[in-house]
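Residue numbers (the numbering used here), protein chains in the order written: chain A, 1 to 555; chain B, 556 to 720.
The set of hints was computed from the structure by calculation and includes no laboratory data.
Incorrect hints may appear among the rest.
[Claimed, not checked] Some chain B residues close to chain A (C-beta under 8 Å, calculated; not the full set):
#1 M556
#2 D636
#3 I663
#4 A695
#5 R697
#6 A702
#7 A703
Predicted model, so just to flag it, every value in this text is computed and none were measured.
All C-beta atoms in this analysis are idealised placements derived from N, C-alpha and C, irrespective of residue type, glycine included.
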Amino acid sequence: MNALTYPPHARTYRYDEIDREFLQERIAEFRGQIERRLAGELTEDEFKPLRLMNGLYLQLHAYMLRVAIPYGLLNSAQLRQLGRIARRWDRGFGHFTTRQNIQFNWTKLEDVPAMLEALAEVDMHAIQTSGNCIRNTTTDEYAGATPDEVVDPRVYAEILRQWSTLHPEFTWLPRKFKIAITGSPNDRVAAQVHDVGVLAKRNERGEVGFEIHAGGGLGRTPIIARKLRDWVPEAEFLAYMEAVLRVYNALGQRENIYKARIKILVRDLGDEFTQMVEREYERMPRDRYRLDPEIVAAIGAHFAPPPFASLEDQALHADPEFRQWASASVRAHRQPGYASVTISLKPIGGIPGDASADQMEAVADLAERHSFGEIRVTHVQNLVLPHVRQEDLYALWGGLRAAGLATPNIGLISDIIACPGMDYCALATARSIPIAQRISERFASLDRQHDIGECFINISGCINACGHHHVAHIGILGVDKRGEEVYQVTLGGSATNDAAIGELIGPAFSYDTIVDAVETLITTYIAHRVPGERFIDTYRRVGVTPFKDALYAPA
Amino acid sequence: MPLLEDGRLRPDDWTSIEDDAPLPDGPAIISLDRLRAEAAALAGRNAPLGVAVAPETQPEEIAPFLDRLALVAVRMPKPKDGRAFTQARSLREHHGFTGEIRATGHIIPDHYAMLLRCGVTTVEVPEGTDPATWTRSRDAIRVGYQAAQGADRPLSLLRRKLELA
Ligand code: SF4
Chain A
1 MNALTYPPHA RTYRYDEIDR EFLQERIAEF RGQIERRLAG ELTEDEFKPL
51 RLMNGLYLQL HAYMLRVAIP YGLLNSAQLR QLGRIARRWD RGFGHFTTRQ
101 NIQFNWTKLE DVPAMLEALA EVDMHAIQTS GNCIRNTTTD EYAGATPDEV
151 VDPRVYAEIL RQWSTLHPEF TWLPRKFKIA ITGSPNDRVA AQVHDVGVLA
201 KRNERGEVGF EIHAGGGLGR TPIIARKLRD WVPEAEFLAY MEAVLRVYNA
251 LGQRENIYKA RIKILVRDLG DEFTQMVERE YERMPRDRYR LDPEIVAAIG
301 AHFAPPPFAS LEDQALHADP EFRQWASASV RAHRQPGYAS VTISLKPIGG
351 IPGDASADQM EAVADLAERH SFGEIRVTHV QNLVLPHVRQ EDLYALWGGL
401 RAAGLATPNI GLISDIIACP GMDYCALATA RSIPIAQRIS ERFASLDRQH
451 DIGECFINIS GCINACGHHH VAHIGILGVD KRGEEVYQVT LGGSATNDAA
501 IGELIGPAFS YDTIVDAVET LITTYIAHRV PGERFIDTYR RVGVTPFKDA
551 LYAPA
Chain B
556 MPLLEDGRLR PDDWTSIEDD APLPDGPAII SLDRLRAEAA ALAGRNAPLG
606 VAVAPETQPE EIAPFLDRLA LVAVRMPKPK DGRAFTQARS LREHHGFTGE
656 IRATGHIIPD HYAMLLRCGV TTVEVPEGTD PATWTRSRDA IRVGYQAAQG
706 ADRPLSLLRR KLELA
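In isolation and in its complexed conformation, chain A is listed as follows (with noise of 0.2 Å):
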């Protein structure tokens, strides 16, 4: 099996052989259920959550599959084995999208089953990652190699992936269910806007404990979660997962399905939900969800840190191109003489996430020389080479560059976030590609976006906002009025520590001037910033005012 040609450095979950037959029986069930719809004995409405729950969307103009990539994590086999579906199945390119998954957006139905069969050879399929069950747990792309990292976020995802999988309570909840981890202080996943929010910390013993917060959620009414306990034990995680998924499933409004989210319940009952799970979590038999420390620790081995060498920091080669590339992509790592290392995906004029099968082969290779062939899928559609020689990175820029993969605007304003928007998706109502690719051209300098510094841009095709555009520093939702697009701009939002919604700041935008109005509010941050100051901390201190009198103000 392609397995054994896994690099032997990668940490990866390895799949054992119960991990296969299990995944081999998922295909063969789905591979009967698609043969019971044809035969007629299962209706539309009865295969469509099947479907759903096997990857399986129906979009503008045809099926798009939707690969699971576990808590983002990938080895160089794996990327390798995405590049060559792209080519032989899609149509050479694969789209990363925010939930650190791939998308295949032109699958023909008939190829279904093969494409499941070619993603299994690699350990790897596209189960739940759609439907009203638990999806790929996100966790920090920076995981095992970021200097701040408290607990290895990557043990409990891989625990929560087993848990969640095939789940016999909670796999028909009222609505989908996100959960995202993180192990550092600094939080870079969004918690406080997934439906579960965890953050694993150790006390003064150094003992692992999570921090739990739920009923977070973008989409029409989005909310930041409530902090429902300051410490849950390593052993009693489970158990407490499960009291809270029971609350949620037999208490979520399942009839109106904008209000189906966790977020609605937990806003409703505000505290009593927080009582609710506690009394569940109680009365539970808790020897029969305890998480043994034995398993832990055997997952825990799956993510060993990979043989570095003992080398010391060094400086970064003068020239001023790679030292640009290197001040946006390069960041610190725990062990000296290393570091990590951001892929752009989001070449100005692109389409933000894409990926070409043979950029997809040239990441892998790289990986493989120059990372252990391990890779990262980050929330922002990039992609992440988490352990680096500090000594490659030249030699690393070169092979990015020749690979049109060293764009240097990592953070910056053409780093953006875009959901498919009218482009596939059934449900949109503008364009949001083809925004980002404007904006994008618009400040093709890099020495402009350098100047400009950190700044996120999210765009979402329609009020479900898997753009993320609420927790954007310029968010932008385009909307349909009276039959044309029209585009609305938030301000301030944020998805880290001090997570926060963006505020509409007035009147929406046409097609046509809604990249003037970036642009105004750009000059606009540039005119009132004191140095050393982001988009955000100018936006902060100063207020909306001097951005709305400059966007609105009579010409």
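The hints should help you fit chain B with the ligand onto chain A, whose structure is shown.
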């Protein structure tokens, strides 16, 4: 309607009784309202008694009556409505109910294994059901990553082969 138990069809020897109809001497399933209203009178009844609960009923509501109930029927109004799974699990786990838990409503074979794992005993199926479709679905996946009702071993992610009947 026939019942599916342990993968085989069997006739239903229970009768569902409307709230205003007299109770027969044989096994009878009544509503929770009636159970509440006639609790005292029903205490002396000898024939087996069952209750049908709505999806929104919390198992605590029937807890006071469980010791005289031989059957609880839970219902899935739509295939997507999974409240019955939590009701069944809660009846077994929190209330120690050992009688029959029957699943009714719009149930498809793909629910079967999960219903069993949550503590359901029987499923009400349409006339003409081929039980082979149901057992195939039940047995399609023999790996379970979670603790199931009925299994006496605690949650174990590493020892996770299902022991299905
Ligand atoms: S935000 Fe709307 S348009 Fe964009 S992907 Fe989500 S549902 Fe589709």
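Holds or violated: is the Cβ of I663(B) closer than 8 Å to a Cβ in chain A? holds (5 Å)
Just to be careful: measuring from the Cβ of D636(B) to every Cβ in chain A, is the smallest value less than 8 Å? At 6 Å from the nearest chain A Cβ, D636(B) passes the 8 Å test, so the hint holds.
Is the interface hint satisfied for A703(B)? The criterion is a beta-carbon contact with chain A at less than 8 Å. holds (6 Å)
R697(B) as an interface hint toward chain A, with CB separation required under 8 Å: It holds, given that the least Cβ distance between R697(B) and chain A is near 7 Å, below 8 Å.
Using the nearest Cβ pair, does M556(B) come within less than 8 Å of chain A? Violated - the Cβ of M556(B) stays beyond 8 Å from chain A, reaching only about 18 Å at its closest.
Identify whether the interface hint at A695(B) stands, where standing means a beta carbon of chain A within less than 8 Å of its own. holds (4 Å)
Chain A contact restraint for A702(B) - C-beta distance below 8 Å: Constraint on A702(B) satisfied, holds at 5 Å.
The structure fails hint 1 only (numbered hints given earlier).
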